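Peer 1: Please work from the sequences and hints to get the whole structure.
Chains as they are written, first to last, in numbering that gives the first Met the number 0: chain A, 0 to 272; chain B, 0 to 254.
Careful, some of the hints might be misleading.
[Unchecked claim] Some chain A residues well away from chain B (every beta-carbon gap over 10 angstroms; in silico):
hint, residue
1, S11
2, L34
3, M37
4, Q43
5, I120
6, A148
7, L149
8, L192
9, L202
10, F231
11, D234
12, A248
13, L255
14, Q259
[To be verified] One-sided and incomplete, this derived list gives chain A residues near chain B with beta-carbon spacing under 7 angstroms:
hint, residue
15, R14
16, G99
17, S104
18, L170
No lab work stands behind these hints, which were simulated from the structure alone.
Nothing here was measured: the structure is a model prediction, and the numbers come from that model.
Using N, Cα and C, we set each Cβ at its ideal position, and we do this for glycine too.
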Amino acid sequence: MSAYLESNLAFSPRRVAAMMLRYWYLLRSSWPRLLDLMYWPLVQMITWGFIQYYVMENAGFFARAGGTFIGALLLWDILFRGQLGFSIAFLEEMWARNIGNLMMSPLRPAEFIAALMAMSIVRLAIGAVPVSLLAIAFFGFNLYGFGLALVAFFFNLILTSWAIGIFVSGLVLRNGLGAENFAWSIMFVFMPLACVYYPVTTLPVWLQPAAWLLPPTYVFEGMRALLIQNTFRPDLMLDALALNVVLFAGGVFGFLKLLQSARRHGALIQTGE
Amino acid sequence: MSPVMPALPAIAVERLVKIYKHIPAVDGVSFSIAPGTITGLLGGNGAGKTTTIAMIMGLTAPTSGRAVVWGAEMPRDRYRVLHRMNFESPYVEMPMRLTIRQNLTVFGMLYGVPDLAGRIAELGETLDLTDLLDRPTGKLSAGQKTRASLAKSLINSPDLLLLDEPTASLDPDTADWVRDRLERYCRDHHATVLLASHNMAEVERLCERVIIMKRGRIEDDDAPTRLLARYGRRTLEEVFLDVARGRDEMREAAQ
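Peer 2: Now the structure itself:
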């Protein structure tokens with residue numbers, strides 16, 4: 000391997016830990032940041048929990064489909080919060096005008112990305128675990144009852160969220176904080192097509208192939224199969240994984256290209272709007 | 000006896016060009032800087048100092064030409080040398096919610112500093128930050144912030160220090176104090192410094208060589224004493240004004 004590749008691909012867990020420590024210090028120092036991780040998932044869970052109660056009492060089909068709304072909501076939150084957790088950790092560097100310091104340090108892009116991925120899990124755990132426990136207490140919905148299927152759902156959703164988060168971070172790096180809104184809203188573009196709350200067959204036939212291009216579609220279909228038919232569909236999970244590998248590689252490639260472009264345009268030293 | 004090899008320059012810049020949307024920010028700049036020296040980069044706003052430094056740091060890619068640091072071409076080979084460099088610039092800040100100690104811990108880990116706690120304590124003492132180490136960076140005064148940034152830029156005991164306006168917005172006493180610490184660091188560590196500044200007194204005191212830039216080009220490059228003699232001026236500020244207002248060109252034309 001050439002010295003160039005060797006120095007660029009070197010990966011240091013110490014530097015990843017340094018970045019995680021930086022975000023942990025930040026979370027610890029700011030209670031609004033901690034609260035923000037929890038309050039919205041909680042509000043959503045309560046709202047959808049009551050809607051679900053209502054339809055279960057009034058519709059035979061939904062009575063059989065017990066838990067699909069809360070289940071969909073909690074899984075959607077993994078997808079949405081995973082991406083948001085990744086992107087916000089990155090945005091913290093932009094807001095703090097710290098990107099120049101990091102890019103000038105020996106921190107490699109892969110280490111930076113690894114730290115952001117790890118922090119997205121930490122943030123997700125802080126927000127989602129208490130809410131999922133409250134879902135058991137309030138509505139008798141036990142997400143952990145999915146068993147091993149939950150691992151497959153989680154892994155696929157978090158991979159998608161990272162792929163999108165990595166790409167969005169590249170966009171912000173290249174275009175400045177003017178592109179910040181993508182971090183907050185991009186996942187909602189996927190929401191109708193990912194068929195979070197309804198089966199793919201609900202979509203017009205011509206739109207269904209587009210839905211099947213998104214890895215989360217397979218996860219939400221898999222969740223409904225598990226809850227309604229009591230069937231775990233490994234084929235859906237493998238299809239999602241294959242698409243995720245492509246999406247993740249695309250996200251990393253896009254990030255590196257946008258980083259290269261930021262370097263060309265002098266955007267790493269001037270990181271304003 | 001082995002032949003004496005010429006020392007590798009700390010920085011070698013060759014025909015460096017940076018063009019933003021058809022406007023040249025840096026226009027064919029060449030210079031090299033010997034190890035263990037302090038060089039000032041002077042110039043008015045928009046002269047190309049920050050862009051030149053950004054290309055040397057590998058933060059900005061040149062449109063053409065080369066910026067080489069300790070033999071490593073920037074930004075391509077930057078990871079070969081980044082651990083030996085550091086910088087301070089008004090364009091970047093340290094995370095404000097983190098205390099100075101937390102910031103220095105994070106950067107120390109990024110740079111792989113051995114005995115990090117000891118190094119932080121040492122910097123705290125040298126830069127008079129000991130009592131402030133556990134205060135959030137955002138709650139520091141301008142002078143304290145500059146000292147904290149300086150601590151960050153010295154955390155890895157760099158061989159090459161790039162400083163962009165290190166004493167801007169400081170009162171004269173604090174600025175003088177910071178210059179004193181910088182001078183001491185460079186002397187003790189035989190470090191190389193490239194310093195961009197508007198403060199002529201600072202450049203005159205610290206730098207053994209001055210590169211004056213104007214509209215992306217090098218207008219002059221010499222020792223401060225020789226510049227003063229050549230321009231027939233008593234201070235670098237007067238030399239700077241001559242260059243900035245084009246009096247040198249007028250004088251050359253008259254001759």
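Peer 1: Please go over all the hints and tell whether each is borne out by the structure.
Peer 2: Hint by hint, here is what the structure shows:
| no. | hint | result |
| --- | --- | --- |
| 1 | S11 | violated (8 angstroms) |
| 2 | L34 | holds (15 angstroms) |
| 3 | M37 | holds (19 angstroms) |
| 4 | Q43 | holds (28 angstroms) |
| 5 | I120 | holds (19 angstroms) |
| 6 | A148 | holds (38 angstroms) |
| 7 | L149 | holds (34 angstroms) |
| 8 | L192 | holds (37 angstroms) |
| 9 | L202 | holds (44 angstroms) |
| 10 | F231 | holds (42 angstroms) |
| 11 | D234 | holds (43 angstroms) |
| 12 | A248 | holds (22 angstroms) |
| 13 | L255 | holds (13 angstroms) |
| 14 | Q259 | violated (8 angstroms) |
| 15 | R14 | holds (5 angstroms) |
| 16 | G99 | holds (4 angstroms) |
| 17 | S104 | holds (5 angstroms) |
| 18 | L170 | violated (19 angstroms) |
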